[in-house]
Each structure stands twice: as C-alpha cells, then as structure tokens.
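Novice: These protein sequences, in sequence, are chains A and B.
Quick note on the working numbering: the first sequence kicks off at 1 and runs consecutively.
Quick note on the working numbering: the second sequence kicks off at 1 and runs consecutively.
Simulated from the structure, these hints should not be mistaken for laboratory data.
Take these hints with a grain of salt, some might be off.
[Claimed, not checked] The calculated lysine to aspartate or glutamate pairs, modelled on EDC-like cross-linking and capped at a C-alpha distance of 16 Å, are:
| # | chain 1 | residue 1 | chain 2 | residue 2 |
| --- | --- | --- | --- | --- |
| 1 | B | K9 | A | E208 |
| 2 | B | K130 | A | E271 |
| 3 | B | K180 | A | E16 |
| 4 | B | K130 | A | D275 |
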Amino acid sequence: MAGSRSFLSRLRDGDEIARLITFVFAGSVVLLTVLLVYELWVGSVLPRHKFGLAFFVTRVWDPVFDNFGALPFIYGTLVTSAVALFIAVPLGLGAAIFLAELAPARVSDTLEFFIDLLAAVPSVIYGVLGIFIVVPLMRDSIEPALKHTLGFLPLFKGPAYGIGFLAAGVVLAIMVIPYIISVSREILLSVPRDQREAALALGATRWESTWKVVVPFARSGIMGSIFLALARALGETMAVTMVIGNAPLISASLFSPGNSIASVIAGQFTEATGDLYLQSLIELGLVLFLLTFVLNGLARILIIVTSQRGSGMGNA
Amino acid sequence: MNARLRLRKFLSNFMLTLTGCCALIAVSVLFLILGYLVYHGGTSVNWNFFTKLPTPVGETGGGMANAIVGSAKLLFLATLFGVPVGFLGAIYLAEFSGHKIAFVVRYAADLLNGAPSIVIGIFAYSLVVKPLGHFSTFAGGVALGIMMIPITLRSTEEFLLGVPRNLREGAMALGASKWKTIVTVIVPAAYRGILTAILLAFARVAGETAPLLFTSLGNEFWSSGFNHPTASLPVMIYRYALAPYEDWHRQAWAAGLVLLALILVINIVARGILSRGTSVPRS
Numbered sequence: 001m002a003g004s005r006s007f008l009s010r011l012r013d014g015d016e017i018a019r020l021i022t023f024v025f026a027g028s029v030v031l032l033t034v035l036l037v038y039e040l041w042v043g044s045v046l047p048r049h050k051f052g053l054a055f056f057v058t059r060v061w062d063p064v065f066d067n068f069g070a071l072p073f074i075y076g077t078l079v080t081s082a083v084a085l086f087i088a089v090p091l092g093l094g095a096a097i098f099l100a101e102l103a104p105a106r107v108s109d110t111l112e113f114f115i116d117l118l119a120a121v122p123s124v125i126y127g128v129l130g131i132f133i134v135v136p137l138m139r140d141s142i143e144p145a146l147k148h149t150l151g152f153l154p155l156f157k158g159p160a161y162g163i164g165f166l167a168a169g170v171v172l173a174i175m176v177i178p179y180i181i182s183v184s185r186e187i188l189l190s191v192p193r194d195q196r197e198a199a200l201a202l203g204a205t206r207w208e209s210t211w212k213v214v215v216p217f218a219r220s221g222i223m224g225s226i227f228l229a230l231a232r233a234l235g236e237t238m239a240v241t242m243v244i245g246n247a248p249l250i251s252a253s254l255f256s257p258g259n260s261i262a263s264v265i266a267g268q269f270t271e272a273t274g275d276l277y278l279q280s281l282i283e284l285g286l287v288l289f290l291l292t293f294v295l296n297g298l299a300r301i302l303i304i305v306t307s308q309r310g311s312g313m314g315n316a
Numbered sequence: 001m002n003a004r005l006r007l008r009k010f011l012s013n014f015m016l017t018l019t020g021c022c023a024l025i026a027v028s029v030l031f032l033i034l035g036y037l038v039y040h041g042g043t044s045v046n047w048n049f050f051t052k053l054p055t056p057v058g059e060t061g062g063g064m065a066n067a068i069v070g071s072a073k074l075l076f077l078a079t080l081f082g083v084p085v086g087f088l089g090a091i092y093l094a095e096f097s098g099h100k101i102a103f104v105v106r107y108a109a110d111l112l113n114g115a116p117s118i119v120i121g122i123f124a125y126s127l128v129v130k131p132l133g134h135f136s137t138f139a140g141g142v143a144l145g146i147m148m149i150p151i152t153l154r155s156t157e158e159f160l161l162g163v164p165r166n167l168r169e170g171a172m173a174l175g176a177s178k179w180k181t182i183v184t185v186i187v188p189a190a191y192r193g194i195l196t197a198i199l200l201a202f203a204r205v206a207g208e209t210a211p212l213l214f215t216s217l218g219n220e221f222w223s224s225g226f227n228h229p230t231a232s233l234p235v236m237i238y239r240y241a242l243a244p245y246e247d248w249h250r251q252a253w254a255a256g257l258v259l260l261a262l263i264l265v266i267n268i269v270a271r272g273i274l275s276r277g278t279s280v281p282r283s
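Work out the full structure: start from the sequences and follow the hints.
Specialist: Given below as structure tokens:
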C-alpha cells in the first residue's frame, strides 16, 4: 500500500516528484482560468465605472464622443441566436430522433460520423459560404418570398439586403445543428428500453412511443443540448461577423443589418483608439463570457441529471 | 375505430419519415459545403497557391505561402504550449489527485473550454500583446494553445481512466513505483486515445480565426521568427472573402478548401486510430 510507505521511500521512487510536476500543470489550468476572469474584469474598469449598469441599456455606440452602450449588440446577439434556435431545434431534434430511434446502428453510426465532421468545420468557412451562398439566396429569393407571404408582420418588413439578422441566424442555425443532434442522440439512446417496450405493448404506434414516452423522458437532457447550442450561438464570431452587416442598429425587421457582441469585438478591437473604447469592448467580452458560463453550467446540469436518471432506471 | 387506427399509423409513418428528412438535410450540409468549396476553389489550388506570396490589389495570381507557413508556426507553438499542460494535467487528475482538487481543475477546464474563442483572443491580447507592446506569432500561438489545453486535458483524462484496473495492479504487484507504472504501463495502454485527443484538439484550433485577429494580426509578407505579426490561413480567408475583389474571392475559396481538407483529414485519421482495436496494446 502506497499510504503505509514512508515519505522518503516514495520520494526515492520518484512518485512525489511526478506528483508535484503533474500538479503544477494541472494547477496552471486553474490559474489560467482565474487569470482570464481577472484580466477581463480589470481590463474593463473604465467603462464599468463611467457607465455602470447604463452600459447595458444605452443604444448609442459612438467612439468619436466616447459614448458606449451595449444594447444594439446584446439585441443583435439575442435575435440571431433566437432565429438560429427556431430553425435548428426542430431540425436537430428530428434528426436525433431518426438516428436514435429508427436508423439501424450502422446507419446511425455512419451518419453520426458525418455529423461529427460537420461540427469540426471551422466557423470562418461557414462565413465564406454565408457571404457567397446564403446572403445572395436571402436577398434574391427567400427574403422577397417572406415579404410577399408574411410581410404584414414587423419581422419581415423593409428592404431585402441579404446581409442582416436573418442571414446571420440561418448560418448560426446550420452551425449549431450538429451539436443539438450529437447530444440529443446520446440522451435519447440512454433512455431505457423498457420505456419504449411498455408504450408499444400498450398499443402505441412507433411515433407515439417516441414522442409521448421517449422524448418526455429525455426532456431535460434535450433542453441541455439546446442550451449548449445556445451558448455556442451566442459566442460564435466569424460566421456572424461576415454576414450580419456590422451596423449598430436595433430594428424589429430581421432583414435589417445589425451587429452582435462577438462580431463588434472582432470588427473593432484592433482599431479601437483610446482606453475607454478598448475597455468597452473588453467589457462586452466579459458579458459574453458570463452569458456562456451560465448557459454551459445549466446545460451540463440538465444533461447529467437526465443521463443518470436513464441509467439509474435501466439498472432497477 | 379502424379509421382512427389507420390515421395513427399514417401519422406515425409520416412523422418518422419527416425525422429521416431532417437527418438527411443535416448530413447533406457537409457535402454541400465540400461541393461548393471544390467547385469555387478547386481550380485555384495550384502550385502558385502554395509557393507564392499574395500579390497587391489589381495584380492577379499570387498565393498564400506566407499564410500556410504562418499557420504552421502558430499551430506548432499552440501544440508546444497546450499539449504538455493538457497531458500532464490529465495524468495528475487521473492518477494522483483527490476528489476536491480534481473537481476544481475539471471545472476550470470546462469553463475555459466553454469560453467563446473571441474572449480567448481578448485574454491572449491582455496577457501577451499588451505587455510586449506589439502583435506577434507568439501571442497567436498562446491564444491557440490556451484553447488546446481543456480539450486535451478532458479527453486524455477519460482515456487514462479507461485503462483496466488489472493492468495497474499487475504493475504495482511487480513492485513498480507509481510513476513507473504510469510511464511504462498506463500511458502506453491509452496511447491511441491520447493521440486521438491531441489530434482532435489540433484540428479544432487549426481553423480558429477569432483568437488570431488581435494576436497574430496578419502580414502581407513573410514573417521571420516568432516576434512579428504573421499571416495565417483562417485570417486570410476572412480578409479575402470580405474584400471587394474577384481574384481575392477566388483565393479565399481555395484557402477554405485547403484548410477544410486538412481539418477533415486529421479528424478522420484521429477517429481511425481510435477505432482500430482496443486501446490496450497487443502483448
């Protein structure tokens, strides 16, 4: 037993040295994370003192007169993420149901392999496709069609530029679908077999057993996968920057150009002259970090709770 | 009653077909992306692309040789910073640490992993660029390295914990010290998994653009050493795609194709390594 040996003998074996060395590296991970929060906090001291909470409700972003408000960017981030989830959740969940419930194991694994590859595509490439494929498609066919049919809603009013909230939301949707599929599929696969069999034995059709028994059983885990996707969407930078239009506007119309927290940082950080300007951008970074931190935490709790419930009942 | 049953069966089949369509749409996106990249960029991936510097606006031709070398340098630095910390940290977690410390380290790693890449960019800027006073390859490498740490750490730890108990006990019973057991038995048994983890982390940061925007910045020319701003493939794609010149768009497509091909190949190789046999070495 290691515990009963003396410290000196363990030191001679090198165990204590190995422990110490690896501890330094493990500890540096914690140190880095603390340092990250510290740098963001200290780096944004000027705007936090000057604007206080008004920073979040001011819609002016004026570098010339040193007036900075985050509202247009918070709005842009929320709207594009909402559009993304509106498209990605039904599609992703549908695909996950197919992969977990219907497809034979080999087909499911093959498709999951492609989904994993899709999740590995870098965001700048989604941006290139967004700007050359999605934006023209939006401008020439989808936005005019939406205006024609649903134009009475304030969401679909105004000129169709192509670039803007809608294009950014669509590109984001394409990017987060793989995350929703992968996590939801795992969650659905962890639902115990007897749940399905009981439903089928009671005369439910395949779809009824899936939709009324399996999905509700996995509900909180699926919510977790959606939060995870939302956290991704909020923090996504390049693809959004390339198609959102980069104008600090707040508009009810999805056709309007806008800006998001991540893309204003990407676009203006290197040209930010003056401390207040730069620090306002860093405060936006802090906001973004805290948002994703909360969402990721919630997602993890939901996913763990569901998979434990699944395995717990499976063993019972 | 019979009609109602038929309706339910129809509904069932209809909805299940619909889920199949969802899966089909989701997967077809991958092939659409590849198709578009090959269609628009395939012909521009030529000898010049790999060997020439970018040309000034208006002059067609030229390539991205400096960006390719720049990316290679950045990824080299990132691996140098990220992999040792992730790997040795994971060994501490899996082999030495108690529950409390392990929880804190894992939590910190997950936080770091969940941070948006643009925030990591700000972090590397405050950590390296601001104190040094200039943009540099080094700063970009640090940013990407920080991103590699949590990915390497968490998956390496999982593979180490997956090594069967009896291997550990066998080595201990033969009188090997703990670190000897780790070096000669546990790590070799998990090496496929660890290699996969490192490759996936590498592929993940290879396409990252946001953390490079204000660390390694960009460069029209060759960048010598690690102390100057450097061009990199992802940032070039971003700049060229947004510029209003046809010829630059063509190059952006080509660079996108090269970058994606690299990333997909690494991903496929990594998964191949893992799936070939178990992680226990043949005796």
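Novice: Each hint: holds or not?
Specialist: Checked hints:
The suggested pairing of K9 of chain B with E208 of chain A holds, with an alpha-carbon distance near 10 Å, which does not exceed 16 Å. With a C-alpha separation of about 14 Å, the suggested pairing of K130 of chain B with E271 of chain A holds against the 16 Å cut-off. Between K180 of chain B and E16 of chain A the alpha-carbon distance is near 12 Å, which keeps this suggested pair within the 16 Å criterion. Taking the CA atoms of K130 of chain B and D275 of chain A, the gap is about 12 Å. The hint holds against a cut of 16 Å.
Violated hints for the displayed structure: none, as all numbered hints are satisfied.
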